[in-house]
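Asker: Given chain A, put chain B in place with the hints provided.
Chains A and B, in that order, are what the protein sequence lines are. Taking this note's numbering, the leading residue of the first sequence gets 1, the next gets one more, and so forth. Taking this note's numbering, the leading residue of the second sequence gets 1, the next gets one more, and so forth.
Keep in mind that the hints were calculated from the coordinates and are not lab data. Check before you lean on any hint, since a few could be wrong.
Same chains, same names: a pair is fine if it fits in one copy or spans any two.
To be verified - For lysine-lysine, the following DSBU-like pairs were computed, each having C-alpha atoms within a straight-line distance of at most 35 Å:
1. Lys38 to Lys28
2. Lys134 to Lys72
3. Lys223 to Lys134
4. Lys134 to Lys201
5. Lys51 to Lys72
6. Lys198 to Lys134
7. Lys38 to Lys72
8. Lys72 to Lys201
9. Lys223 to Lys72
10. Lys198 to Lys72
11. Lys72 to Lys28
12. Lys28 to Lys51
Protein chains: 2
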Amino acid sequence: MAKATLAEETAQAVIRYIIDNRLLPGDKLPTEPEFMEKLSVGRGTLREGIKLLAARNIIDIRQGAGSFVSPKRGIPDDPLGLTFIYDDNELVVDMLDVRLLFEPHVARLAASQATEQQRAAIMEQADEVERCIKSGESYIAADARFHRLIAEASGNIVFGNLTYILNTSIAKNIEITKDAQRDSNTIRYHRRIALAIKNGKPNDAASDMSMHLQLLREFVREKMH
Amino acid sequence: MAKATLAEETAQAVIRYIIDNRLLPGDKLPTEPEFMEKLSVGRGTLREGIKLLAARNIIDIRQGAGSFVSPKRGIPDDPLGLTFIYDDNELVVDMLDVRLLFEPHVARLAASQATEQQRAAIMEQADEVERCIKSGESYIAADARFHRLIAEASGNIVFGNLTYILNTSIAKNIEITKDAQRDSNTIRYHRRIALAIKNGKPNDAASDMSMHLQLLREFVREKMH
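So here's chain A without its partners, still in its complex pose:
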């Protein structure tokens, strides 16, 4: 028990170190001997603390290379705590209702706020999703990235992280709804959304995002019944 508490204290000390030194994702942490001295802890305790932080997606341990600030920025694998929700169908519709509330607004913000570089990246990502679909590859990751790029272009930090979180659930949506109709909705509306953002048309971007998600919702409900 004392040992667990010590490991937890060490984990908190490592977090403080990261914050105080304003380390960014990908930055390397001090070596083990350096860190043991800085935090005044033994090797075993330091390793336990680092393991706790790895389990929380705050640190990546790369064997032989050291420990690094994780690009996941402490965002967990199941941020919404959905691992233990057992009614999957209901969950997919609930998730779409949440996305319908957020994502049209986020697309509207992106159309007015995005930098030129962000607009170009969103267009390219629409191309990438289309390429995956047409070649029959899985497009789950590419789809999630498309929605995330839009949220990051909204200029609101919390929307960016939140959309990332909601999109970790997109895999579930796609699995249930994968078919030709769903794929053509995605290709058509991703393209329209990307164009509206590129051309600085906030209302079009919001409307196209809304249509994209509403068609998906209708489709999921028809499959369910």
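Answerer: Then chain B, alone, in the frame of chain A:
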């Protein structure tokens, strides 16, 4: 490295066990010897796996009593990954913009969907927040619980969990804005929101929630500049 992987595999096996047996928060896991046999792993590996799950808020280890499914349901302590966002002022406003988008909607749903029991619990919680404020106690936890009860009464699983997540950040809001004006906004509008939900008035509930958050947002911005 092999050991870390084995612990992770064990953690996954424990999650599968929880799902397969549909265990709920607070349920006890099998004893160590039983679990070692079920999962065909040694004591050290099992303990490492359980520790990983405790770090992810999936399991609570109670010394001497055993391991239990955590009421946190795997929702992490920093679900939005805000530990490493360094501009706090900007973060508070961004957070309020997100809450403004969805809490009025959630209050509207609660006013039409909540059970009698849920309506009563929301009223009681408004009383509790008021009591804390008037007695000078910290009301961070009571405030978060008020907003969470409303979200849970919306009938949408994802809104419930999401509000819990956004409310882990309410502490930050309150710290920045704690003063008499803020407190009276909270007392007045919590009461109005609770009454609108109790009386089944969706538009009033949405409007009162919107006012509550907009006044808070205005207040935070004035403090910032």
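Asker: Each hint should be assessed against the structure and marked as holding or not.
Answerer: We went through each hint and held it up to the structure:
1. Within a single copy, Lys38 and Lys28 get their C-alpha atoms as close as 15 Å, which meets the 35 Å cut-off; across copies the closest is 40 Å, which misses it.
2. In this assembly of identical chains, the alpha carbons of Lys134 and Lys72 lie at most 35 Å apart only when taken from the same copy (30 Å versus 41 Å across copies).
3. In the homo-oligomer, the alpha carbons of Lys223 and Lys134 lie at most 35 Å apart inside one protomer (23 Å), although the nearest pairing across protomers, at 53 Å, exceeds that limit.
4. In the homo-oligomer, the alpha carbons of Lys134 and Lys201 lie at most 35 Å apart inside one protomer (28 Å), although the nearest pairing across protomers, at 49 Å, exceeds that limit.
5. Taking identical chains as interchangeable, the C-alpha atoms of Lys51 and Lys72 lie at most 35 Å apart whether they share a chain (15 Å) or sit on different chains (21 Å).
6. For the homomeric pair Lys198 and Lys134, the shortest alpha-carbon distance inside one copy (23 Å) is at most 35 Å, but the shortest distance between copies (52 Å) is not.
7. In this assembly of identical chains, the alpha carbons of Lys38 and Lys72 lie at most 35 Å apart whether taken from the same copy (25 Å) or from different copies (33 Å).
8. For the identical chains of this complex, Lys72 and Lys201 are intra-copy neighbours only, at 31 Å inside a copy versus 42 Å across copies, given an alpha-carbon limit of 35 Å.
9. In the homo-oligomer, the alpha carbons of Lys223 and Lys72 lie at most 35 Å apart both inside one protomer (34 Å) and across protomers (32 Å), since each shortest distance falls under that limit.
10. In this assembly of identical chains, the alpha carbons of Lys198 and Lys72 lie at most 35 Å apart only when taken from the same copy (28 Å versus 41 Å across copies).
11. In this homomeric assembly, Lys72 and Lys28 come within 35 Å of each other (Cα to Cα) both inside a single copy, at 15 Å, and across copies, at 31 Å.
12. With identical chains, the CA atoms of Lys28 and Lys51 are at most 35 Å apart both within one copy (16 Å) and between copies (25 Å).
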